[in-house]
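There are 2 protein chains.
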Amino acid sequence: MAEEKKIPYKIYLEENEMPQAWYNVRADMKNKPAPLLNPGTHQPMTAEELGGVFCEELVQQELDNDTRYIEIPQEIRDFYKMYRPSPLVRAYCLEEKLQTPAKIYYKFEGNNTSGSHKLNSAIAQAYYAKKQGLKGVTTETGAGQWGTALSMACAYLGLDCKVYMVKVSYEQKPFRREVMRTYGASVVPSPSDTTAVGRKILAEHPGTTGSLGCAISEAVEVAVSNPGYRYVLGSVLNQVLLHQSVIGLETKIALDKYNIKPDMIIGCAGGGSNLGGLISPFMGEKLRGEADYEIVAVEPASCPSFTRGVYAYDFCDTGMVCPLAKMYTLGSDFIPAPNHAGGLRYHGMSPILSQLYADGLMKAVAVPQTAVFEAAEEFARVEGILPAPESSHAIKVALDEAKRCRETGEEKTIVFGLTGTGYFDMVAYEKFHDGKMDDYIPTDEELAAFRARLPQVD
Amino acid sequence: MAEEKKIPYKIYLEENEMPQAWYNVRADMKNKPAPLLNPGTHQPMTAEELGGVFCEELVQQELDNDTRYIEIPQEIRDFYKMYRPSPLVRAYCLEEKLQTPAKIYYKFEGNNTSGSHKLNSAIAQAYYAKKQGLKGVTTETGAGQWGTALSMACAYLGLDCKVYMVKVSYEQKPFRREVMRTYGASVVPSPSDTTAVGRKILAEHPGTTGSLGCAISEAVEVAVSNPGYRYVLGSVLNQVLLHQSVIGLETKIALDKYNIKPDMIIGCAGGGSNLGGLISPFMGEKLRGEADYEIVAVEPASCPSFTRGVYAYDFCDTGMVCPLAKMYTLGSDFIPAPNHAGGLRYHGMSPILSQLYADGLMKAVAVPQTAVFEAAEEFARVEGILPAPESSHAIKVALDEAKRCRETGEEKTIVFGLTGTGYFDMVAYEKFHDGKMDDYIPTDEELAAFRARLPQVD
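Chains as they are written, first to last, in the working numbering: chain S, 1 to 458; chain Z, 1 to 458.
Okay, chain S solo, but in the shape it has when bound (with noise of 0.2 Å):
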């Protein structure tokens, strides 16, 4: 058996040492995720229809099943070089403080202004739409992390970026605004009465504190009825995992380094762009047979995808105007109640991680915001950063997990995705510190009743 390294308390990769391809998670699956289907005929989206949306490089990503890897552009691996790698971080602190024969890393993607992971897929993004020669373009954003990654990208490449905010984001974090516009992007609140389908929806939900579904909608309307634009979207999609492999890539190599065997790998799930990125190497692995691992997503219990939802056609938005995605589904018209995890409240779920989930290669769990919220400000007074509600479910299940094996004695090892911090946020926490968190759950009968709505589909 070979030594085992003295492992440092964070493990930076070497420039070269970077991955230079995407990795296509579907390549090894065996049932491939299912296509998205026109919502009016309710057949496969062609790559032509795709293109009124979306720019075409990504509609090829998108329907790509097939490539293994896909190489990453040398002008994306050289902004990644800003602020990649990521550290694969040791918490040896917060082994020490649980007293934990566990042995405990997260991969921190929060080490940049956009605060997550988010930069991963929109500097990709953003590239391919100024590589095809467009003036810019819309996006939704819930929790603010995607928008600010968008208008960074775009600021970057000098392209124009409008972006629809969720309005209970966007009034929880008013500072995420000033970031954008720090970054030049335009920001409007949704619902909004600038399209059709945000003035649609505040006619039928006044007051509605508004949703990822709603954003998208009216994003995607302003990015089809203005020439030079398209639309980009920061979760749920095929290319948004693709692009976000570089998380788990960038972990396995570090891991490969020290030669750390992971036993158990724990995300936070709300489209799924983190959780994808960072099981998808080791879910290869699984796939082709050559290692196994525990792989768990963690979701809030107030916006249960996996864990209470079904798996089924569904609209990807809530003005139906998107087309129509199989995955496990709350109901497009699904709103959450108000839960600070403002990335974590979309209805749906990726579906390349919706058709793992079925096939049995990964687990799920919900978990409620109080005792995330009480994971956060354990984790933070140890290990010293302040991370945001969002990572915070993957931390919750981490701690719960390590306090086990001080139990049993295992000295399992656990990596989890800490996606992003919590500066923004500070609401969320105040309300927290004041004891004054919503813990509520919807009931079944709630759930069934969104359900009741899906589209019909044969």
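Treat the hints with care, since some could be wrong.
Because identical chains cannot be distinguished in the list, a pair is counted as satisfied if it fits within a single copy or across any two copies.
With a straight-line cut-off of 20 Å between C-alpha atoms, the simulated DMTMM-like cross-links for lysine to aspartate or glutamate are [what the hints assert, rightly or not]:
1) Lys103 <-> Asp64
2) Lys10 <-> Asp78
3) Lys97 <-> Glu75
4) Lys431 <-> Asp256
5) Lys131 <-> Glu17
6) Lys97 <-> Asp78
7) Lys103 <-> Asp78
8) Lys6 <-> Asp78
9) Lys81 <-> Glu96
10) Lys97 <-> Asp160
11) Lys326 <-> Asp263
12) Lys257 <-> Glu15
13) Lys10 <-> Glu290
14) Lys30 <-> Glu48
15) Lys10 <-> Glu75
16) Lys103 <-> Asp66
17) Lys257 <-> Glu14
18) Lys130 <-> Glu96
It is worth saying that the hints were derived from the structure and are not from the lab. Computed from a predicted structure; not experimentally measured.
Starting from the known structure of chain S, arrange chain Z on it as the hints suggest.
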């Protein structure tokens, strides 16, 4: 000539390359910084006198003008490994954008939750307080980074932490309080009615927005009147510059690794903690005649201690309860016009830096606020990082110099300190975007009036 190695975008030291001792620049100064004086007797403060306010071991460090290297205790080095080394970034993107032949590097200290370099001294001071068996510490904070840093260090070590926060920052940065609360600290806006000196200042200046000088007085009063407490300070003091030398030491090791010799080193200067830390080892070489560097301090035009102050003994605080320090000062009751660089609003300057400046070993420039934010935004859009207003003072001068090199063709190597991030400064950025920035510069008459009230020391 040795072949130039390819320089990565970010240079991270390996753990075994990290400094094991702080560097005490006083050991190499021919003209030592003037001693702190007892405000009553005007005699140099003894260790015993200082021990009533500061921790014992920190008093030793404060008074030690001779020991060149002071070992960093293992516990602190382990804590440093949690968030250090900080990257030395080669600003390739900025160079490209500016089309300058200058080579630009910045040492980025913002990748931790305090958002700045302040954690480097906070953990050291908290460590010695803990070692001495104290219950807790008190301090002041301006921009909030120091208070956050100290809260983090105290949470880690299990010490109580009371923070007096300059009222204008408390109001401009509502969420900073919440971060400190997450780390278990209590935060009071200063001046407050919780101390005698606070009540006095409020009576004399009703409606004052506060200053670091006021907040220091309050924190010192609480420390000396509560058994088991001592006061700690985030800047100005010799001990702080000692701890912050870790910034410069890491920078030097990283540069040496790639055979890079800087021509110019730039840092923002409020009380001098960052600048003093960054330049220490370079200044040491300069003092020993081993190398020469152009060293530039950048301060806000609204609070121009170096460029328009006098070098004289003055009180460190508004309440005049602290020892007298010989430094470049605007007068201890000087309260600058609202300036969003809360960390640069101090009326005085580190005695070490003051002596070096008086000896002609460094330069200083003052820059107006709007120009600083213009530079901040220009930098953010190219290098990704949203800088703190304080740090942006250094950016402004670095950009000016790089643009000058574009004209002259000089391939100058510029290193500047990027002390932190501006995530909690979005009120300031909003004012900038709205064109409502205050560029008030004190008149000569105003400065003369404050100067007239300096204490008379023979």
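Now the hints, each set against the structure:
no.	hint	in the structure
1	Lys103 <-> Asp64	neither (37 Å within a copy, 42 Å between copies)
2	Lys10 <-> Asp78	between (22 Å within a copy, 12 Å between copies)
3	Lys97 <-> Glu75	between (42 Å within a copy, 14 Å between copies)
4	Lys431 <-> Asp256	neither (41 Å within a copy, 48 Å between copies)
5	Lys131 <-> Glu17	neither (27 Å within a copy, 42 Å between copies)
6	Lys97 <-> Asp78	between (38 Å within a copy, 14 Å between copies)
7	Lys103 <-> Asp78	between (33 Å within a copy, 17 Å between copies)
8	Lys6 <-> Asp78	between (30 Å within a copy, 14 Å between copies)
9	Lys81 <-> Glu96	between (33 Å within a copy, 15 Å between copies)
10	Lys97 <-> Asp160	between (47 Å within a copy, 18 Å between copies)
11	Lys326 <-> Asp263	neither (30 Å within a copy, 60 Å between copies)
12	Lys257 <-> Glu15	both (14 Å within a copy, 16 Å between copies)
13	Lys10 <-> Glu290	neither (27 Å within a copy, 34 Å between copies)
14	Lys30 <-> Glu48	neither (26 Å within a copy, 76 Å between copies)
15	Lys10 <-> Glu75	between (27 Å within a copy, 17 Å between copies)
16	Lys103 <-> Asp66	neither (35 Å within a copy, 44 Å between copies)
17	Lys257 <-> Glu14	both (11 Å within a copy, 15 Å between copies)
18	Lys130 <-> Glu96	between (48 Å within a copy, 18 Å between copies)
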